Amino acid sequence: MGRLVEHPILDVKSSTSKTHVVFYFEGQPICALPSDTIASALIANGIDIFGFTEHNHARGFFCAIGKCSSCLVEVDGIPNVRSCITPVRDGINVRRQEGRGKPKW
Amino acid sequence: MVDNQAGGKRHVDAIVIGAGPAGLCGAIAIAESIGDGTKVLVVDEGIEPGGQLPKQTHKFFGHEGFYASVRGFEIGKRLVDKARELGINFLMQTTLAGIYEDSIVAYDRNSNSVSEYTADYILIATGASERFLLFKNNTLPGVYGAGAVQTLMNQYKVMPGKSFLIIGAGNIGLIVAYQLLQAGAKVKAIVEATSKIGGYMVHANKIMRLGIPILLNHTIISALGEDRVEGAIIAQVDGKFKPIPGTEKEIAVDTICLAVGLQPSVELVAQTGAEIKYISELGGYVPVRDENMKTTVNNVYVAGDLSGIEEASTAMIEGYIAGYNIAQKITGKDMSEKITNMKNELVEFRKGPFAAKVREGLKKMGISFPGGGYREEIQQMPSSLSRLKAVIECPQAIPCNPCETSCPTGAINTGGNINGVPQVDYEKCTGCGICVTKCPGLAIFLVQQREEHSIVGIPYEFLPVPEKGSSVKLLDKNGKYVADGQIDRVMINRKEKTHIAFLKVPKGMEGVVRHFEMSTVSEESQAYICRCEEVSRNDVEKLIDSGITDYEEIRRVLRIGMGPCGGKTCRSVVLQIISEKTGVPISESRLGAFRPPVIPLPIDAIVRYAKGVGTDE
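Chains as they are written, first to last, in the working numbering: chain L, 1 to 105; chain E, 1 to 617.
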């Protein structure tokens with residue numbers, strides 16, 4: 001797991017970009033590229049367990065285009081965010097979702 | 001766009017749902033025809049428009065009119081640029097959440113709010129989603145859809161793993177395997193439950209010549225691992241796709257990639273009240289529609305994979321057909337010429353054997369497309385090629401002709417139909433190699449028989465680009481080592497990035513060699529044999545390969561055994577390597593001389609001895 005540093009077809013300069021976005025996953029700072037989604041940033045950092053089902057089974061991402069809902073995470077306390085189609089933002093707090101997400105009330 | 005009232009419904013002439021190839025082409029057709037892009041609204045869930053095009057790094061099939069030979073991500077860029085130039089509005093990161101009787105509701109993730117629209121016409125091009133496969137532990141992190149792996153790898157340049165197992169040998173599975181290899185990952189195998197490769201043979205050949213096994217009549221039984229994938233169990237299947245007990249095999253991989261087909265995303269079109277029908281040949285439930293892509297609801301049109309799983313090229317054509325029809329109704333102008341042209345394109349594209357399923361499926365909707373009428377005869381490689389010539393290995397009738405249209409001397413033809421198997425007129429071919437770099441299937445090679453050896457030019461899209469003169473291992477079409485060879489030269493193609501590597505191959509092997517492997521220095525061969533002079537196994541092996549097989553000679557060239565230890569450590573190892581490489585037992589090879597002194601003996605000691613100093617008097 002990690003970022004591509006060379007590719008025969010694609011321009012991977014952005015992978016070595018100097019500008020970074022820092023957000024938090026389970027309280028730990030994660031360094032991402034501005035072009036990342038939450039999912040791509042997590043996988044680039046070696047994290048592929050995005051949450052657990054209500055039966056405590058690990059779940060990661062699956063379809064990458066917002067269709068399967070396997071990659072749901074909690075962002076700033078809001079559950080059910082599709083990490084594969086949500087761009088990273090500085091300072092957001094991302095947590096592994098458990099089950100359907102905890103209601104705030 | 002007309003804003004009726006704040007917070008109220010906004011009205012557009014046409015709303016296009018989905019910004020993939022079908023939706024983009026539909027929107028472009030409408031905007032161009034009505035002369036005002038601002039009256040067309042494209043809504044898409046993705047972050048950037050383009051649908052699945054931005055993740056496609058391979059060159060597309062088809063003909064120039066629909067961007068054949070252009071890589072998918074580049075096609076996406078061109079279509080989006082064109083749409084933006086026309087002033088078409090995009091609502092990205094916005095999910096069309098529902099189509100109600102009186103309102104179309106869109107949810108914008110960014111603003112976390114919905115908005116309401118009305119439109120005179122709706123073009124639905126929501127595409128498809130990947131099919132799931134049922135096996136034990138199929139939800140473990142590390143089991144990903146093939147499209148998901150493409151998105152991560154090619155769009156975000158992130159690799160989800162190091163070694164992959166691919167399930168499904170259709171075009172998507174084959175393409176993903178090739179793209180993974182380009183990105184430097186390992187592909188352990190492709191397993192396919194049926195008894196034949198479903199995708200184009202040219203796609204299969206690209207990975208088979210790299211030595212990737214395609215296991216037919218095999219399926220996955222289980223993903224292994226606690227919290228993430230650590231391996232897989234595969235097994236052979238019988239004629240009913242049931243695993244055969246006792247044939248299970250464990251494969252260590254960290255990622256499993258499912259490429260088992262697509263199913264149309266019909267949720268929204270169903271909400272319009274349009275009739276939905278189950279037609280397995282088209283991918284499952286699809287909207288019923290006519291030749292003009294109109295559904296059973298008068299102002300609702302469809303295009304692309306939603307209307308039946310097919311290709312990006314046909315998705316674009318269907319988009320245009322739907323778009324021109326909508327434009328014709330909006331403007332009242334006769335657009336029949338453009339519509340007929342596009343319909344004729346579809347007829348051509350769908351004549352081939354790979355479109356048989358689609359033809360069958362459409363027949364169930366009362367739409368008929370003719371099959372056949374193309375050349376299937378495969379041209380044999382000429383037995384004598386004293387000058388460099390193109391050899392095409394494109395054995396199936398597929399709708400693709402850049403070889404024909406790119407040839408500057410008109411030497412290649414597909415026989416009058418785009419599906420025809422191409423043939424070369426060897427009188428006209430100059431061996432320029434343009435077709436090699438254009439062919440989306442990487443199925444054209446350059447061959448020349450020279451006096452002392454033959455030359456084979458191979459399309460090459462990997463890193464590192466080999467250097468002229470370097471030694472390589474020559475591989476056949478199944479990736480099997482057949483002989484040693486050398487890079488004669490490399491024709492670099494900076495723009496399109498399909499280079500041509502010219503290989504020197506033994507005479508008679510020009511029809512066999514179809515790829516190569518760099519003779520890389522393995523970790524084991526980097527190991528030192530001689531500690532004193534730092535001589536590696538690779539240094540010794542290279543010298544032996546060059547013909548020097550005598551220990552004494554090797555010692556003189558490499559200084560192995562001439563360091564302070566005098567060969568006490570390395571001699572036996574070198575002798576063993578000589579024996580391994582030459583096949584001559586150590587007992588029969590020359591041992592080399594043992595010269596004094598056996599340790600580094602200080603000159604001083606000799607001098608002192610000669611002068612009589614330090615000895616007992």
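Simulated from the structure, these hints should not be mistaken for lab results.
Remember, it's a predicted structure, so these values are computed and weren't measured experimentally.
Heads up, some of the hints might be wrong.
To give an idea of the chain E side of the interface with chain L (calculated C-beta under 8 Å), a few residues [as the list claims (entries may be wrong)]:
hint, residue
1, Asn-89
2, Arg-131
3, Pro-141
4, Asn-154
5, Met-159
6, Ser-163
7, Arg-228
8, Asn-413
9, Phe-462
Derived lysine to aspartate or glutamate pairs resembling EDC-like cross-links, with alpha carbons at most 16 Å apart [as the list claims (entries may be wrong)]:
hint, chain 1, residue 1, chain 2, residue 2
10, E, Lys-77, L, Asp-11
11, L, Lys-67, E, Glu-74
12, E, Lys-495, L, Asp-11
13, E, Lys-497, L, Glu-98
14, E, Lys-497, L, Glu-6
Every residue, glycine too, gets a C-beta built ideally from N, C-alpha and C.
Exercise. When the hints from earlier in the document are held up against this structure, which numbers fail?
Worked result: 1, 2, 6, 8, 11, 13
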